[in-house]
Amino acid sequence: MLPGQISVEINIPMICSSLNRLLRIVRLLSTDPSF
Numbered sequence: 893m894l895p896g897q898i899s900v901e902i903n904i905p906m907i908c909s910s911l912n913r914l915l916r917i918v919r920l921l922s923t924d925p926s927f
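Take any residue in the sequence shown, note its place counting from 1, add 892, and you have its number in the numbering used here.
Honestly, the hints are just simulated from the structure, not real lab data. A quick note: this is a predicted structure, and the numbers were derived from the prediction, not measured. Honestly, I wouldn't trust all of these hints.
Said to hold, decoys possible - Restraint ranges, calculated between C-beta atoms of paired labels, are given here:
id	residue 1	residue 2	range
1	S899	L921	28 to 34 Å
2	N903	T923	29 to 35 Å
3	S899	P925	41 to 47 Å
Glycine included, C-beta positions come from ideal geometry on N, C-alpha and C.
Build the full structure now, drawing on both the sequences and the hints.
Have a look at this one:
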């Protein structure tokens, strides 16, 4: 296995969690009446 593949496999869950966090923030901002 290449070192690059290992780092990508490790980063995939981190990328997913950060994307979920961004989606949550965007949803909060779009539903916030003061925004």
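Hints versus structure:
1. S899 to L921: 28 to 34 Å: holds (32 Å)
2. N903 to T923: 29 to 35 Å: holds (30 Å)
3. S899 to P925: 41 to 47 Å: holds (42 Å)
Comparing the model with each numbered hint stated earlier shows that all of them hold.
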